[in-house]
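**Q** Protein chains in written order, with the numbering used here: chain A, 1 to 168; chain B, 1 to 730.
Any given hint could turn out to be false.
What the hints assert, rightly or not - As a list, the in silico EDC-like pairs of lysine to aspartate or glutamate whose alpha-carbon atoms are at most 20 Å apart:
hint, chain 1, residue 1, chain 2, residue 2
1, B, 280, A, 30
2, B, 416, A, 27
3, A, 18, B, 470
4, A, 18, A, 69
5, A, 18, B, 363
6, A, 153, A, 69
Calculated directly from the structure, the hints in this document are not laboratory data.
Residue strings, one per chain:
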Amino acid sequence: MSTTVFVYSINVPNAPGKWSYYVLPLDVSDFTQLNEQLYIRGGDDVLLLDDSVLYDYVGRPSGAGGQVDVVGVVQTPYIDLGSPGVEKMLVGFDSVNLGTPSVQMGYDEYNLANLTAPFTIPADTIPGMIIPLPIASPSFSLKLTFPAGAPWKMMSANFYTMRFRVGA
Amino acid sequence: MSGIPTWQAGTTYAPGALVVPSSSPAVAQVQPANAGFEAGTLSGWTTGDPSHWTISTVGPYQGTYCARITGAALTSMQSTTKPAIRVGDTISVSVMARITNAGTDDAHFQAVLQWLDGSGNLLPGAGGYVPGNEVQGVGGFWAASTASGVAPVGAAAFNISLSANPGTHGSVIDVDSASYTYATAAPSAGLVYKATQAAPGKSGASEPVWPAAGSSVTDNQVTWQGEYATRLIWQASPILQSGATEPVWPTQVGAVIHDGTIDWTARSAQITDPNCPQSKIVAIGAGKVFAADNDIVRYCATVNPLDWSSANDAGYLPTGLQTYGSNPVAAMGLYRSNLVVYNAEGFQMWQLDPDPANIALLDALPVASTHNRALAPTANDLFFLSSQGVRSMGIASAGVNLEAGDVGMPVDALVKPALTTAIANGMEPIGTYIPAMGQFWLAFGEYPMSPLVLLGALPTAVVGLPYAYDFTVAGGNHVYSNPRVTVGTLPAWATLTLAGNKLHIAGTPTGGSATVSLTLAVDSGDGQTATSAQSLRVYLAIVWNVADVSSLASISNGGQDLFSNNASAIPGARSTGSKTTGKAYLEIEKLIGTSPNGSVAGFATAAATLGQYCGSDAFGWGLQFDAPAGGYKYHAGVGVAITALAGLVCAAGQRAMLAIDYDAGLMWFGIKGTWDGNPSAGTGATYTFTPNTALFVLGGTQLSQTIRIHAGQDALTYPPPAGFPAGFLS
């Protein structure tokens, strides 16, 4: 049982909202709201949306129908970082987050499964040197995976690139 | 009045002292004598037709008794309790009634309030009584009949009359719990008496006759003046109180059930106006409920959702007669207080107003949606789910197509496959707007799809017994097809069919015992294939072996029946198969024959003799199940009466039971459902033998009788002991 929920967030006035999606571990049949809180029904279960809770079915023994880890994934679009289609050299990056994510970098728009091996970074990488990650590609996509059990937020990311030729 | 002392004789009262009389009689409402017939008689009531009235204990409304009226005639009975009243008093009488009939509805009942003169006679003319509401119909439940009226001129008393006509189809009418409700003059609740003499004085030896408010009375040295107290005292008391246990709720609309001091009436909450379409596609605006009804949209009267018919208030929008209205209405929502009606072709926007004359079509565009639950007014817009993804009314109205840049386009590539799956699965997408979070949520249930799987395992089959099993197909997009065997071959006797999510295999096995390995497969509409490797074990139930039978006996009916007309030896036959391990349970039926002492069955080795009964030598253990004194067991030629089976004798058509545990070396015998010992617990075995000895079933009969073996090829009469498989299979 699972339900995919597409969420459109309108949190900046006079600006387009942002889409995200979630996979819930139940077949959602109804939504209702009471006292500005969202209740979700699936089968005989009624769940309350609570941003202070870090698991689905929190408190239940793990296993079928039990507590479910909620892993957060943020992935940017493939960013050209300059002229489209022109090869660039990614030197490294910095990222500022709440939480300690695992990082992968996508570098092949023809095969979205092509990602670098994941590694964990501190919440704020700006102090000290940049995080070196040399990759040559026309575009790059940063993918951050936040582990379950802790609140998380992505605040910024900096890419450091080097041109291969003048004018590129 | 609470807090004010009552008058006391010989007491000193200072000027200004307050008292209330102590001699005022309590006012009580007189009720009909024997109101609920709990005396078990009709005492307190009088009737001119006593043959029609009896006391009944069948389902009284309250207590133990009620009165019952039978007979095809109009009859009545009156209470002999006739409380005095004054002209102008408001009186109500009530009684519970229940009609019980056989489907006819010609029985009637009503309570009647009768006005009586000073002599207790009924006032003349139509003004002498007030008829109550009539209880009639098919009935079967209790209902109240109540009559109310204001005492007319000449009335000095009243009573209740029970008027009944059970009709001509054998109906009966039960009545119970008659009651009076009326008001009589009572002492004024706030009237107190204040000492007004100049100096303190003593009250008299007896209480004075208290005057009305504003008047005085002398009480020895005290002068009392009637006054109304001005303070308010609030006292809470239960008006209605439920009983100690929950009543059995009636399910018929209009039925009444008594519960403590409460009478509950069954009501229906359903809107019964025939013009209400009872549709789930609904929107509320301008004080009206709008509901889709095929190619129109009906609406109720303003602020009255029970009324869908009043002219110039309720009505319908003729959406089918407007642009883009030729398809049935599929979704509705509100956009800036206007009603937006969607179908598969486009949408219409209607201006709403409490006055139907002001409801008007504003616009119509070819932008469609058929997903009613996905609609959600979001911020100052209306989001809806189209075939291309999430769209908003504001942009769709301006763009007049679904490909103009709109709110949902960044996720169209994700939403479209989810929508395709939802449609295939019959799952309705659900949308909602959460103002507290500024978010629009759109949920697709059962997505992503779970893998297609085939759940189940084939049970064993027995030759000759009908066989059927259903596998459950789960996952995928719920559109299943192409059931087949991909590895191995389905037995010729079996069929494989698919109905919904059930893969059904059925047939009646033929041939001998066998094990068939096969892999079953089924496809789902999203391109998945589920397979399941199965092993189908087909057993053959044992019968009497035509190659291993005494020359004094014969076998028929495919080996199940054993016959012998021998006079005394009880010759027999061995079974077609034996076992050395596991457990088995079978039954032996005395099929034909009335002679006693004729049939023995049990277990034996291949060395046991067939010319005499089972147990006549050391190689068999037999049960005689038709001995006149009851079960008898034999081994090595020694017969012993089985105490637990004493008196149990199989006649024609009745069965003996045999159970054996090869691994434990134990066997149990039983007759007609009664065991010697307890095979389920593994205790009290009739005989023991060397574990894992190869033993056959051995049976015999005589005197032109026939016994039949039931070893799994047909139904068993008694349940196998716990842990024993049904039948003796090989």
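**Q** Confirm or reject each hint.
**A** How the hints compare with the structure:
no., hint, result
1, 280/B / 30/A, "holds, 14 Å"
2, 416/B / 27/A, "holds, 19 Å"
3, 18/A / 470/B, "violated, 47 Å"
4, 18/A / 69/A, "violated, 24 Å"
5, 18/A / 363/B, "violated, 30 Å"
6, 153/A / 69/A, "holds, 17 Å"
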